[in-house]
Amino acid sequence: MSLDRSRDLSHAGASVTGNRLGPIRLTNALIEHLRRQPHAAIVNLSSDLAFVSLVIAQPIP
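In case it helps, UniProt numbering puts the sequence shown at residues 1 to 61.
For the record, the hints were derived by calculation from the structure and aren't laboratory data. Don't be surprised by glycine CBs; every beta carbon is placed ideally from N, CA and C. Please note: incorrect hints may appear among the correct ones.
[Claimed, not checked] FRET-style restraints, in silico, Cβ to Cβ:
#1 P38 - D8: 24 to 32 Å
#2 I31 - S10: 18 to 26 Å
#3 A41 - T17: 21 to 29 Å
#4 I42 - A14: 22 to 30 Å
#5 H11 - N44: 20 to 28 Å
#6 N19 - H39: 41 to 49 Å
Construct all of the structure, not just a fragment, from the sequences and the given hints.
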């Protein structure tokens, strides 16, 4: 894909909602239950791929 062509971003909203707002909404939904637990914890795991922006070329194997 060349840089002079625009990308289709129609899926971006759903991706951002799931990846960024998902953990926030889940925590918000469970927070009252977690507060009642003696040793509750929230662990949010992610990968470095969440921080990769536009990839133009395939990696060389």
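These are the hints, each one checked on the structure:
1. Distance hint check: the CB atoms of P38 and D8 are about 49 Å apart, inconsistent with the given range 24 to 32 Å.
2. Range check, I31 to S10: about 33 Å between beta-carbon atoms, so the 18 to 26 Å window is missed.
3. For A41 paired with T17, a C-beta distance near 25 Å keeps the hint of 21 to 29 Å intact.
4. Restraint check, I42 to A14: a C-beta distance of roughly 24 Å satisfies the suggested window 22 to 30 Å.
5. Between H11 and N44 the Cβ separation comes to about 23 Å, which falls inside the hinted range of 20 to 28 Å.
6. The beta-carbon spacing between N19 and H39, approximately 28 Å, falls outside the hinted interval of 41 to 49 Å.
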